[in-house]
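Novice: Could you put together the complete structure from these sequences and hints?
Number of protein chains: 4
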Amino acid sequence: MSILVLYGSSRERGNSELLTNKVVENINHTRVYLRDRQIQAIVDKRHTPEGFKPVADDYEDIVRQLLTHDILIFSTPLYWYGMSGVMKDFIDRWSQSLRSSDYNFKEEVSRKQAYVIIAGGDNPRLKGLPLIQQFAYIFDFVGMSFAGYIIGEGSKPGDVLSDAAALFEARELNRKLAQMRK
Amino acid sequence: MSILVLYGSSRERGNSELLTNKVVENINHTRVYLRDRQIQAIVDKRHTPEGFKPVADDYEDIVRQLLTHDILIFSTPLYWYGMSGVMKDFIDRWSQSLRSSDYNFKEEVSRKQAYVIIAGGDNPRLKGLPLIQQFAYIFDFVGMSFAGYIIGEGSKPGDVLSDAAALFEARELNRKLAQMRK
Amino acid sequence: MSILVLYGSSRERGNSELLTNKVVENINHTRVYLRDRQIQAIVDKRHTPEGFKPVADDYEDIVRQLLTHDILIFSTPLYWYGMSGVMKDFIDRWSQSLRSSDYNFKEEVSRKQAYVIIAGGDNPRLKGLPLIQQFAYIFDFVGMSFAGYIIGEGSKPGDVLSDAAALFEARELNRKLAQMRK
Amino acid sequence: MSILVLYGSSRERGNSELLTNKVVENINHTRVYLRDRQIQAIVDKRHTPEGFKPVADDYEDIVRQLLTHDILIFSTPLYWYGMSGVMKDFIDRWSQSLRSSDYNFKEEVSRKQAYVIIAGGDNPRLKGLPLIQQFAYIFDFVGMSFAGYIIGEGSKPGDVLSDAAALFEARELNRKLAQMRK
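Chains A, B, C and D supply the protein sequences, listed in that same order.
Taking the numbering used here, the leading residue of the first sequence gets 275, the next gets one more, and so forth.
Taking the numbering used here, the leading residue of the second sequence gets 275, the next gets one more, and so forth.
Taking the numbering used here, the leading residue of the third sequence gets 275, the next gets one more, and so forth.
Taking the numbering used here, the leading residue of the fourth sequence gets 275, the next gets one more, and so forth.
Everything labelled a hint here was simulated from the structure, so no lab data went into it.
Since this is a predicted model, take the numbers as computed values, not measurements.
Warning: the hint list may mix true and false statements.
Any copy, or any two copies together, can satisfy a pair, since identical chains are not distinguished.
Claimed, not checked - Calculated cross-link-like contacts (lysine-lysine; reagent style DSBU-like; alpha-carbon spacing at most 35 Å): (1) K296 to K327; (2) K296 to K430; (3) K380 to K327; (4) K327 to K430; (5) K450 to K386; (6) K456 to K296; (7) K450 to K430; (8) K296 to K450; (9) K386 to K456; (10) K456 to K327; (11) K319 to K430; (12) K319 to K296.
Specialist: What follows is the structure, encoded as structure tokens:
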């Protein structure tokens with residue numbers, strides 16, 4: 275059971291990252307920081323005769339990593355009550371992968387388990403719920419199992435480390451992932 | 275009552291655009307096609323001593339247009355059950371505008387009315403609801419009035435023109451906007 | 275294709291009823307006014323050795339009507355952002371039907387199509403969305419197809435007859451149901 | 275800071291009750307078991323000339339208890355992805371209280387803090403979210419502060435005592451409430 279973490283935050287050691295690091299502490303995993311990679315916004319070519327063309331950015335490289343791991347952790351700050359734009363750009367491009375003949379995206383992805391880790395200010399346990407529902411539809415569409423989520427509260431750097439409930443859930447998930455890797 | 279339309283689609287004459295055009299037909303309005311503009315993803319500098327720095331892209335130009343109109347129409351396809359990444363990138367940057375001393379973003383924006391026009395396949399009247407809720411939180415945060423929304427169904431180009439209910443709502447809103455401009 | 279309408283309102287000719295009547299105008303259908311029937315709240319006996327016992331009220335009679343129709347229309351005012359208590363009491367009792375040996379509730383119900391008609395004040399097109407999502411989970415659990423919904427706005431008696439969009443959708447659905455019955 | 279717990283479950287020692295008892299353990303509080311009281315469904319008389327009339331049941335007695343406490347805990351199983359019918363019947367009747375001249379319901383209630391404790395099977399952390407959103411609208415309408423919620427997982431009796439995250443949150447809330455009472 276290999277683990278890939280996709281970090282959607284635009285800054286280092288933000289609250290979503292801190293909380294996610296508790297989840298994967300002492301567990302072997304692969305990290306992708308989306309902010310450090312080039313991912314262009316989708317240009318929808320589903321309905322043009324020529325279809326999608328290769329895009330010269332890091333998207334395919336990240337997809338290949340995604341396809342070789344069993345457990346995917348989507349870690350994002352709650353930006354304006356949604357995932358970060360850079361993470362949204364990455365997921366929007368899945369439309370391109372669904373048409374790709376290089377791999378069978380949907381079938382491969384349908385065997386994976388997904389977790390979502392969110393941190394934000396302004397009552398995230400309530401105002402982050404639409405994002406959880408959105409992720410549920412996303413995972414459902416590709417047949418991925420939505421294995422769990424954690425919502426942490428925090429605005430200023432480090433705040434989330436005071437959210438006892440979120441930390442507890444992170445430790446519980448850490449224990450569970452450690453078990454699964456045995 | 276001046277109207278600004280923000281188009282979030284990645285292609286010309288997609289379903290969200292067609293539906294939105296019915297809303298503003300024969301009414302004077304300003305259009306911004308986000309796909310044609312450069313909008314970088316936010317780099318969150320709220321908690322760094324130096325704060326946000328100017329970004330060399332089209333964001334500020336679009337914000338200035340936004341600030342000079344009374345009615346804002348957010349038009350987006352339903353990409354993966356959310357707004358398009360490029361529209362999300364634009365809204366994420368509002369965090370920067372909230373800190374800007376060039377204008378009083380929150381106060382100015384709080385006087386505006388917002389409409390949302392969405393088109394998508396895969397049962398958008400149900401699976402687009404989290405996005406509507408997300409927009410509600412966004413508008414609420416800046417004090418903007420959420421004046422209405424329309425969800426149209428359509429995957430292939432032109433499909434939405436067969437969605438009688440969405441077209442009816444578009445015509446009704448068109449009539450209402452025409453009245454308001456008198 | 276036979277149609278059963280379940281009215282959840284506590285009063286005659288309320289807005290949800292008026293709107294629903296537009297949907298079934300000139301179409302043969304069966305009506306159940308839940309306010310006129312005795313439906314006790316569920317007493318959960320799923321985990322007691324003796325199980326559920328017959329309850330002397332109108333519940334089973336209504337279920338039998340439900341089982342003999344193909345299309346179910348759930349018509350309810352938006353009371354406190356949910357369905358009316360009497361409609362909730364009716365649906366809660368489905369837990370009892372799932373255990374009943376008198377019929378195969380889940381299998382029979384899974385072949386039916388469900389529509390939801392809601393009317394309410396206080397921005398129902400936004401604040402009624404959690405109820406739509408709740409109905410989606412309900413129908414999904416029993417395998418019923420969620421064929422559509424209409425949300426009308428209205429507080430005072432007759433208000434909904436001024437909601438042009440809701441009336442349009444009611445007429446469209448009326449046309450569709452009339453077609454299906456041919 | 276006095277605490278009132280409203281239990282919406284239809285059975286003794288169900289999972290929602292067990293979880294709630296952890297929240298109020300060793301803290302002085304008042305309990306109302308809605309299943310043991312008579313609460314008739316609302317008959318909406320807001321628009322009839324004579325208005326609401328007194329109803330011979332336990333509703334007003336429970337409202338009086340509600341009005342004399344500072345913190346309200348709504349404890350309900352997740353029945354069909356909503357609160358139990360009996361709890362819904364109780365809240366529906368608030369429409370009557372809003373019209374009552376015996377007390378100023380909205381003003382008094384607006385000074386209270388509300389917590390929601392839910393337990394259910396079938397992925398409640400996801401499928402219970404519409405109910406959380408519904409409670410948010412309810413509390414918002416009367417100006418009550420939505421101070422927090424806990425969702426526990428459990429179908430069979432006692433199951434929730436294996437939900438470590440829910441139990442942790444219950445203990446945390448217990449500590450917080452104990453502090454507030456000092």
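Novice: Each hint should be assessed against the structure and marked as holding or not.
Specialist: Right, here's what the structure says about each hint:
| no. | hint | in the structure |
| --- | --- | --- |
| 1 | K296 to K327 | between (39 Å within a copy, 32 Å between copies) |
| 2 | K296 to K430 | both (18 Å within a copy, 32 Å between copies) |
| 3 | K380 to K327 | within (19 Å within a copy, 41 Å between copies) |
| 4 | K327 to K430 | between (41 Å within a copy, 19 Å between copies) |
| 5 | K450 to K386 | within (16 Å within a copy, 39 Å between copies) |
| 6 | K456 to K296 | both (19 Å within a copy, 34 Å between copies) |
| 7 | K450 to K430 | both (29 Å within a copy, 23 Å between copies) |
| 8 | K296 to K450 | both (12 Å within a copy, 24 Å between copies) |
| 9 | K386 to K456 | within (17 Å within a copy, 46 Å between copies) |
| 10 | K456 to K327 | neither (41 Å within a copy, 47 Å between copies) |
| 11 | K319 to K430 | between (40 Å within a copy, 11 Å between copies) |
| 12 | K319 to K296 | between (40 Å within a copy, 24 Å between copies) |
Violated hint: 10 only; the structure is consistent with all others.
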